[in-house]
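For reference, the chains in residue letters:
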Amino acid sequence: TPDSRPDRPGALRVAIVLAGLANDSGFHQIGADGVRKFQQDGEIELQIRESVINPVDAEPVFRQYAAEGYDLVIGWGFSYADAIFRTAKEFPDAHFLTTGGADVAQKATANVATWTYAAEEMGFLLGYIAGQSKLSPVAVVEGEKQPFVQAQWFGFSQGLRLANPAAAEMPPIYTGSFEDAEKANQATATRIREGARLIAANAEGYAPGVASAAKTAGVATVGLASTTSEAAREVNIGRVRVDLVPLMRGVLDRLKSKSFAGQALKSTLANRSLVPSDINKVATAPDVPGDLDSRVDDLVSRLAAGKLAVEPWTPGR
Amino acid sequence: MVTACVVLGMALLVAFAGSDVPVVLAGWWRGAFGTPYNAVQTLSYATPLVLVALGVSVALRAGMVMVGAEGQMIVGAVFATVVLHGVGPVHSLLALPLGALAGMAGGGLWSLLSGVLLLRWRVNEILSALLADYLAIELLAYLLRTALRDPGGAATPQSAPLFEEALIPRLPVPGRLHVAALVVLGIVLVALWWHHSRIAFIVDVHGQRPWLAARLGVSPASIVLSTTAVSGAAAGLAGWMQLAGVDGRLHPGISAGIGFSGLVVAVLGRNHPVGIVVAAIAFASLTTGASGVQIATGTIPASIGTVAQAVLLLAVSVAVVLTRRNVAVRRAQRKDDRAVA
Amino acid sequence: MTVLSLDFWVLVLAGALASATPIVLAGLGETVLQRAGQFNLGIEGIMICGALAGVLGSAAAGPFAGAGFGVLAGVLLGFVFALGCLAGIDVVLVGVALTMLGVGVSTFVFQSWVPSGRTNLSVPTLPAMSVPGLSQLPGIGPLFSSIGVLTYAAGALAVLTWWVLRWTRFGLRIRAVGDSPDVAAVRGVPVSRYRAVAALIAGGFAGLAGAALSLSAIGSFSPGMSGGRGFIALAVVVVARRAPLGVLAGALLFAVPDSLGLLGQTRDTGLPVEALHALPYLVTFVVVCFESRHRMRLRQDTAI
Amino acid sequence: MDTRSMTTSPVVALRAVSKRFATVQALGNVDLVLRPGEVHVLLGENGAGKSTATKILAGLETPDEGEVVVDGEPVALRARADSIRRGVGLVAQAGSLAGELTLVENLLLSHSSWLARRRAAADSLRRAADAAGITLELDVPAHALGVAQRQLGELAIALAQGARVLLLDEPTSSLGPHEVGGLFARLRRLAESGVAILFITHRLAEIRQVADVATVLSHGTVSLHGNVSETDDAALLRAMTGELPSRTPDRPKRTVGPVLLRLDEVTASGREHVPLREVSIEVRSGEILGVLGVAGNGQRTLADVAAGVLRPSRGSVRTTGDVAYVPEARSEGLLPHMPAKRSAVLRRLTEPRFARFGVLDDRATGRFAKELFDRHDVRPRDPEVPTGLLSGGNQQKLLVGRELDGAPQVAVLHGPTQGLDVRATDAVRAEIQRAAGEGAAVLLVSSDVDEVRGLADRLIVLFDGRVADQFDAADFDATRVGRAMAGLST
Ligand SMILES: Nc1ncnc2c1ncn2[C@@H]1O[C@H](COP(=O)(O)OP(=O)(O)OP(=O)(O)O)[C@@H](O)[C@H]1O
Ligand SMILES: Nc1ncnc2c1ncn2[C@@H]1O[C@H](COP(=O)(O)OP(=O)(O)OP(=O)(O)O)[C@@H](O)[C@H]1O
Ligand SMILES: [Mg+2]
Ligand SMILES: [Mg+2]
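Protein chains in written order, with our numbering: chain R, -18 to 298; chain F, 75 to 415; chain P, 7 to 310; chain X, 7 to 496.
Derived by calculation from the structure, the hints in this document are not laboratory data. For each residue, glycine too, the CB sits at the ideal point set by N, CA and C. Where hints are given, some of them may not hold.
Claimed, not checked - With a cut-off of at most 25 Å between alpha-carbon atoms, the simulated SDA-like pairs for lysine to any residue come out as follows:
hint, chain 1, residue 1, chain 2, residue 2
1, R, LYS70, F, SER166
2, X, LYS376, F, VAL262
3, R, LYS88, F, GLN282
4, R, LYS247, R, PHE66
5, R, LYS70, F, SER271
6, X, LYS376, F, ASP278
7, X, LYS376, F, ASP224
8, X, LYS376, F, ARG272
9, R, LYS88, F, PHE237
10, R, LYS88, F, HIS159
11, R, LYS70, F, ARG272
12, R, LYS70, F, ALA402
13, R, LYS18, P, TRP119
14, R, LYS247, F, SER166
15, X, LYS376, X, ALA335
16, R, LYS88, F, ALA234
17, R, LYS18, P, VAL120
18, R, LYS70, F, GLN282
19, R, LYS262, P, PRO130
20, R, LYS70, F, PRO243
21, R, LYS70, F, ALA100
22, R, LYS262, P, SER122
23, R, LYS288, R, THR90
24, X, LYS376, F, SER271
25, R, LYS70, F, PRO110
26, R, LYS70, F, PHE237
27, R, LYS88, F, PRO243
28, R, LYS237, F, ILE369
29, R, LYS70, F, ILE369
30, R, LYS115, R, ALA147
31, R, LYS70, F, ASP224
32, R, LYS247, F, ARG223
33, R, LYS88, F, LEU266
34, R, LYS88, F, ARG223
35, R, LYS70, F, VAL114
36, R, LYS70, F, PRO246
To be verified - A few chain F residues that don't get close to chain P, going by computed Cβ distances all over 12 Å:
hint, residue
37, GLY108
38, LEU214
39, GLY249
Can you make the complete structure from the sequences, with help from the hints?
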C-alpha cells in the first residue's frame, strides 16, 4: 500500500502527485520509487496520488496536501509546473518540488524546488550502450513526439555514433501514444521486417508491445525496463534510469535543517542520478562486452571531466 | 436493483482495497464541498461543463447528438491563443472580449463542419463530429510543436503564457473561480428564457417532424446551422475560459475531457438549464471528491476513485429516473383527485 | 523500398489486418446492439477489461482460454449495461459510466496483480497461421504468411453476424426491436429481453476485441492499451451503416490509413507526424462524405 | 347463424373488465364474448374503448378489474407472447409492422421456427393474401408501403399465422371497396372454418356484409349487444351516440376562382415503392379535386409533393397561400410524445398571442387547444394528455381540425376521415365542404370511393404513378373508374 504509519514520530509528511500510475515502469515509477525508499526506511510519511493526468486537476490536489500540512508536495508530471508555482504562492510556508523541462530550472523560488533531467545525456548513454552491442541498423520506436523525447533521441544518436561509428540509424516512428502497446508492436515488427537489429524505446506504457515484437523476431532492444514484461527481460540489453534517491536525500535533509530554498535539481550523468540499469546479457545481442559497467563508468568520468560533451537539443530541430 | 447490484460491487471493490464505504463517502463530501476552497473548486470545474452542456442541449433539441464539443473547445482555444498572441499586450477591456470572441468563432466554425455536411450530404453528425475531434487534437499537437511552441523551451508541448491582461480576473473567493463564471451564470439565465421560448419549441418540432417546422417558416438549414453554431460557440467559449481563466496557456490537455463530459451533463440534466447546472455540479464533484476520498482513506488507489465516479454517476442517474417517475405519478394522482372532485 | 513499392504496401496491409481485428470484433457487437435500438459508449471500458481478462486467462490456462475469459469479462460488463438500461438510465450515461468502471476496475486489478517492482505478466499469445496457397505468392505472399487466429475469427464472425441478423428469427426480432419497440411488442417480441441479450452479445464481442488486443501479439497488459479503439469501433459502425459486412470494410477503411500513417514515417514524405497520425480520420471523413453524397444523388428527391 | 351462438362455447372472453388511464375510464365492467365461427363486430365512437378492449384480449394491456377468459379458464396475459401462444392474432389500429422489415420478415417474427425460412413464409403469405383477394408487395421494407398496403399486409400476416382468434382493429379504415370485398369473403370463410373474429369498424355498411354479432361500446360500457340480423342501423347508432347523426349536407354550389395549386410534369420518388411520374394537375379556388387509385400507386408521394413536404426531382409545384396538409399517416403530422396542446397549436404557433417576450405561453396554447377540441369534439378535452395516447380517431380529429381551421387556401387531405366514427366523419366532410366554399383549393386523396365521389368536383385516378384517367364528378362511372384503377384504360 502506498501509505503506512511513520515509524518515528516527527517523520516528514510527503505527498507525491503522479500524472500516471506508480507502477508504470517508466517516468512515474521513477518519482514514486524516489520517495518510497525513504518511506520504507521510516523517514517519511508518504502519500502517493496517481493518474492526475491534467494540470487543471492537479492544482486542487496540491492545494489540498499543502492545506493538510504536508511538509513537501511533489508534482511529478511534466506539465505541472504552472500549477505548482501558483499553489506555492498561496502557501508560502509549505514546500514543493516540481518537474519540468530546462525552463523550470531558472524558476525555482523560496519554497519551490525544481527538478529536471538531462534528456540528451540520458539518450547519450542509452545510445552508447546500444552502440556497444555492435548491432545495426538501430530503430527508435516512440510514443508522442514531444520535446523531452526528441531531446533524448537526439542525444541517443550521438552516443550511438560514439560507441559504434558504423551503426546505421533508421528514423524514429512515433505511434502518437505513450500507452498504445499494439501500435508500438506493429511499428516494431515493421522495423524488424525492414532489417532493424536493435530497437530503442522507452519504458512507457507501450513498452510491452515493443518487447513482444522483438522477442518474436529474436531482435534485441534497449531502453526498456526489466519489469516491462518477461519478454523484455529476454531481449533488452539495458536502459538508463533516473535514480532520484540521491537528489531526494538532499531535499529531505534541507527540509529537516530548515534550509529548503529554491534549489534547481537536475539529474545528470555527472551527479550519478542518471544511471545505467537493468543490464542484461541477452542472446539476441551476443556482442555486448562483459565490461559494459566499467566502460560506462569511464564514459561518465570523461563527461564529468569535460573531455566529452553532449550537444544539446534545440526545439524546432 | 441496478443500484443495489452496482453498489454491492462497489462495496466489494472498496472492501477489497481495505476501507469502508462511509469513510469514502465522507471523504468525497469533504473533497467536493467540505471546505470553501473545495466547494469553489467544484463550482469552477462545473463552469465549463455548464457552458458546454447548454450548447449541446440546443443541438440535442434539434435532434442532433453533438459529440464534437471536445474538438470545438480545442479549436476555440487555439483561435483565442492565436489572436491574443497576435495582438500582443493590450488592455484587458479589449483582450477579454477579443479572446472570448475568438474562442466562439473557432468553436462555431469547427462545429459548422458537421452542420454543413449534415445539410449538404446528410453526413451523420455523430460521425463527422467524432472525426473532427481527432483532427482538432492532431492540429493542436502540430501547432504546439511548431508555430505556437513556447520559445521558453518546455519539456512538454505548450504555448507561451498569455499576457497578464488577457487572463480572466479571479473572483475574490478562495479557489480558482474566475469572473467569467458570472458570464456563464448570465448565459444560464438566457438559456432559461430560451428553454421556454417559442423558438426552442420550433427547434423541438424540427427534431421530430422537420416539415412542420419548415411550414412555420423556419427552414431546416437555418435550424441545423444555427443550433450547431450555437453549440460550437458555447464550446469554443468554454475553451477560451479554460485557456484564459485556468491554464493561462495552451497545452494538449486544454479540453481535458470537458467536451465529452458536457454531453453527459446535458443528458443527465435532461436539457433543462437548471437540471444542467445541478448535473454539472454533481459531475464536477465526482472529480473534486476523488481527492477527498484519497486523503480520507489514504489507501485507496486512484483506480478505485474512477470506479467510485462510475458508481456515483449511475446512482445519480437512477435517482433522476426515480424522481421523474415519482413526479409523473404524483402529477397523475393530483389530476385524478381533481377529476374525482 | 519507396512508398510506391509493393513491399511497402504489403507491410501496410499486414499491419492494417492486425489493427483492424479488434475494431471489427467490437464493431460487430455494437452492430447487433444498435440493430436492437441502443448504443454503447462504454465499449472502451469493456475492451480494456477484456484485454486484462485475456492476459489473466492465458496465464492460467493458455491463450484460447484467455480469449474465453475476455468474452466472459465483456459479457459481465454487458450485463451491467443491460441492467442500467432496464433501470431506465439514458444509454449515454450508462455507456460513460461503463467506460469509467472498466478503466477503473482493470487498472485496479492490474495494480493489485503487478505492484510496483514486480515484472509485468507475459503470457502465451494466440497462434498466427498462414493462408495456404496465397502465402506462396510472389510479392504479396508475406501478407498472408502470418495472420492471427482472431483475424480469421473476426472475418468468420462478421459473416455469422450477417447470417444471424438476416436468416434467423432471433436476428429479425433484434431488428424489429430496434426498428420500433412498440411495434415489436405488439408482434409478441419481449423487447427488454432481446435488448438485454443484445447487450450481452455486444459486451462479449467487445471483451473478445480486448483479448485480441492483448493476446494477438503482445501477451501482456498495459492500462492504456485500448487507446480509444472503442470509440473508433463506434464510428466504424456508423460508417458501415450497421451492416456486419460493412463493419469489415469500415474497419479496413480506418485501419489501412492508420497503418499507413505509422509506416509512412519510415519514408521521407515531408509531412509532419501529426498529419500522418490524422490520416485515418481524414480518409474516413472524406470517404464518408463522398459516400453520403453518392447516396443522396441516388434518391434525387429531398424531403424537407 | 342464430343458433350457433347458443351452442358453441366461447374461445376468449372479457368478464366484467374495467380499465382506467390517468384521467379516463376507458372501460367499465365490460363483457365481451368471442365464439368460434362467429364474426363479432365491435362498434363505438372514437375513444369509446374499442382498442383498449382489443389490447387487453391481446395481452398488451392488463385489466384493472375483471378477467380475461380463454377456453373457459381465467388467465393472466402478461405479454403479447402469452396471447399469441393461445392463438390470438391481432391487427392493431396503430399498425404493427416493423418498418425496416418486409412483410415476410414481419410474419417470421412470430414464427415457431428459429430459422427465417423466407421462401416458405412468402408462399404462405401469398396464399393467404390470394385467398383474401389481396395483392401484396412482399419484398420491400414495410416503411415503403402506404398505410393501406400496410393494413392489407397485416391482415395477410394475421391470416397466414392461422390464429383461432383474430382481433381486427379498424383493418379497413384506409381500404377501398375492392379490397374490402375480397377481405370479407375471406373472413366469412375463416369464420366458417371455426375461427373467432373480432372486427372493429366505423362503417356501418360493412357490418351487414360480414358480422354475426354486434357489441356497441359507449363511454367504456356496453350499450348494446345482439345479433346483427336483429338490429337496424338506427338502433346501433343510437347505442353509439345516444342520438341520430345528421345527414351529410348536399353539395353546395361553389364559385370557382383562380388556380391555387398547380403541379407541372412532376416526377418524384418518395418513400413509396412506386414513384410519381410526370403528373400534372391544377386545382382552383373553391374546387375539390379527388384522387382515386388502388393503394400504393403514388398517392402518398403526390400528397407529399403537393403539400411541399417533398421536393420533386423533376417538374414544378406551385401553390398560392397557406397550405393545409393531413398526411396519410396521422402521426407524421403530430408530436406523439408531447402534450396534445402542442400538437394542436402547431399551425398557429407564430401568432403573437402564443408568446410573451418570446416565451411560449402555455396557458394560451392550452386555451386554444381546448377551443379546438370543443369545436372538433376531440376527447378527452384534456390539452395536457400526450398526443400519442389519444385514441386513433381523436388524433385524427385533432389533426384535421387543426389543419382546416382558419381558412387555408390550399388543402391537401389524404384519408381525412380514416378512423373516424360516423358522426365525426360527417363533421369532417362538412368541414371540407366549408373550406372549399370559403375558397380553398382542395386535393382530396382517399381510398373511400363514395367519399371522393360525394365531395369532389373533378376526379383523377392514379395508376403506377401516372394519371390514368380524369373526369368530372358528374361523369362518374363505376366501371370506368374500376378499369382505370386496374390500369386497363388507355
Ligand atoms: N408497421 C406499421 N404499420 C402501420 N403503420 C405504421 C407502421 N409503422 C409506422 N406506422 C405509421 O406510420 C406513421 C409514422 O411512423 P414512424 O415510425 O415513421 O413515426 P416516427 O416518426 O418514428 O414517430 P416517433 O418519432 O414518435 O417514433 C405513424 O402514423 C405510424 O402509425
Ligand atoms: N395508454 C393510455 N394512456 C392514457 N389514456 C389512454 C391510453 N390508451 C387509451 N387511452 C384513452 O382511453 C380512451 C379509450 O381509447 P381507445 O383507444 O380504446 O378508443 P377507441 O374506441 O379505440 O377509439 P378510436 O375509434 O378513436 O380508435 C381514450 O380516451 C384514450 O384517450
Ligand atoms: Mg419511430
Ligand atoms: Mg381505436
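Going down the list of hints, with the structure as the test:
1. Of the supplied pair hints, the one linking LYS70 (chain R) and SER166 (chain F) holds, its CA atoms being roughly 23 Å apart against a limit of 25 Å.
2. For the proposed pair LYS376 (chain X) and VAL262 (chain F), the alpha carbon gap of about 33 Å is over 25 Å, so the pair is violated.
3. Between the alpha carbons of LYS88 (chain R) and GLN282 (chain F) the distance comes to roughly 58 Å, so the proposed pair goes past 25 Å and is violated.
4. For the hint linking LYS247 (chain R) to PHE66 (chain R), the alpha-carbon distance of about 18 Å falls within 25 Å, and the restraint holds.
5. A C-alpha spacing of about 47 Å is found between LYS70 (chain R) and SER271 (chain F), which places the hinted pair above 25 Å, so the restraint is violated.
6. Between LYS376 (chain X) and ASP278 (chain F) the alpha-carbon distance is near 22 Å, which keeps this suggested pair within the 25 Å criterion.
7. Between LYS376 (chain X) and ASP224 (chain F) the alpha-carbon distance is near 66 Å, which puts this suggested pair outside the 25 Å criterion.
8. For the suggested pair LYS376 (chain X) and ARG272 (chain F), the alpha carbons sit about 19 Å apart, so the restraint of at most 25 Å is met.
9. Restraint check: the Cα-Cα separation between LYS88 (chain R) and PHE237 (chain F) comes to about 18 Å, which is no more than 25 Å; the hinted pair holds.
10. Pair hint LYS88 (chain R) plus HIS159 (chain F) holds up; C-alpha atoms about 23 Å apart against a cutoff of 25 Å.
11. For the hint pairing LYS70 (chain R) with ARG272 (chain F), the CA-to-CA distance comes to about 50 Å; that exceeds 25 Å, so the pair is violated.
12. Using a Cα cut-off of 25 Å, the hinted pair LYS70 (chain R) and ALA402 (chain F) is violated, with the two alpha carbons roughly 52 Å apart.
13. Proximity of LYS18 (chain R) to TRP119 (chain P) is assessed by CA-CA distance (about 21 Å); at most 25 Å being required, the pair is judged to hold.
14. With a CA separation close to 38 Å, the supplied pair LYS247 (chain R) and SER166 (chain F) exceeds the 25 Å bound.
15. A threshold of 25 Å between alpha carbons decides the hint, and for LYS376 (chain X) with ALA335 (chain X) the separation of about 24 Å falls inside it, so the pair holds.
16. The straight-line distance between the Cα atoms of LYS88 (chain R) and ALA234 (chain F) is roughly 15 Å, inside the 25 Å bound, and the hint therefore holds.
17. In summary, the hint linking LYS18 (chain R) to VAL120 (chain P) is supported, as the alpha carbons are separated by about 19 Å, within the 25 Å threshold.
18. Taking the CA atoms of LYS70 (chain R) and GLN282 (chain F), the gap is about 54 Å. The hint is violated against a cut of 25 Å.
19. Proposed proximity of LYS262 (chain R) and PRO130 (chain P) is supported: the alpha carbons are some 23 Å apart, at most 25 Å.
20. Restraint check: the Cα-Cα separation between LYS70 (chain R) and PRO243 (chain F) comes to about 17 Å, which is no more than 25 Å; the hinted pair holds.
21. The suggested pairing of LYS70 (chain R) with ALA100 (chain F) is violated, with an alpha-carbon distance near 29 Å, which exceeds 25 Å.
22. Restraint check for LYS262 (chain R) and SER122 (chain P): the C-alpha separation of about 23 Å stays at or below 25 Å, so the hint holds.
23. For the suggested pair LYS288 (chain R) and THR90 (chain R), the alpha carbons sit about 33 Å apart, so the restraint of at most 25 Å is broken.
24. Note on LYS376 (chain X) and SER271 (chain F): the hinted pairing holds, with a Cα-Cα distance of about 21 Å set against a maximum of 25 Å.
25. With a C-alpha separation of about 19 Å, the suggested pairing of LYS70 (chain R) with PRO110 (chain F) holds against the 25 Å cut-off.
26. The straight-line distance between the Cα atoms of LYS70 (chain R) and PHE237 (chain F) is roughly 19 Å, inside the 25 Å bound, and the hint therefore holds.
27. For the suggested pair LYS88 (chain R) and PRO243 (chain F), the alpha carbons sit about 24 Å apart, so the restraint of at most 25 Å is met.
28. Restraint check for LYS237 (chain R) and ILE369 (chain F): the C-alpha separation of about 24 Å stays at or below 25 Å, so the hint holds.
29. A threshold of 25 Å between alpha carbons decides the hint, and for LYS70 (chain R) with ILE369 (chain F) the separation of about 22 Å falls inside it, so the pair holds.
30. The straight-line distance between the Cα atoms of LYS115 (chain R) and ALA147 (chain R) is roughly 9 Å, inside the 25 Å bound, and the hint therefore holds.
31. Our distance criterion of 25 Å between C-alpha atoms is met by LYS70 (chain R) and ASP224 (chain F), whose separation comes to about 23 Å.
32. Using a Cα cut-off of 25 Å, the hinted pair LYS247 (chain R) and ARG223 (chain F) holds, with the two alpha carbons roughly 23 Å apart.
33. Of the supplied pair hints, the one linking LYS88 (chain R) and LEU266 (chain F) is violated, its CA atoms being roughly 46 Å apart against a limit of 25 Å.
34. Straight-line distance between C-alpha atoms of LYS88 (chain R) and ARG223 (chain F) comes to about 19 Å, which keeps the hinted pair within the 25 Å bound.
35. This hinted pair checks out: LYS70 (chain R) and VAL114 (chain F) have alpha carbons roughly 18 Å apart, not beyond 25 Å.
36. Taken as a hint, the LYS70 (chain R) and PRO246 (chain F) pair is honoured in the structure, with Cα atoms around 16 Å apart against an allowance of 25 Å.
37. For GLY108 (chain F), the non-interface assignment is confirmed: its Cβ lies about 23 Å from the closest Cβ of chain P, beyond the 12 Å cut-off.
38. Not every Cβ of chain P is farther than 12 Å from the Cβ of LEU214 (chain F); the closest lies at roughly 9 Å, contradicting the non-interface assignment.
39. At the 12 Å boundary, the C-beta of GLY249 (chain F) stays outside the reach of chain P, the nearest C-beta of that chain being 25 Å off.
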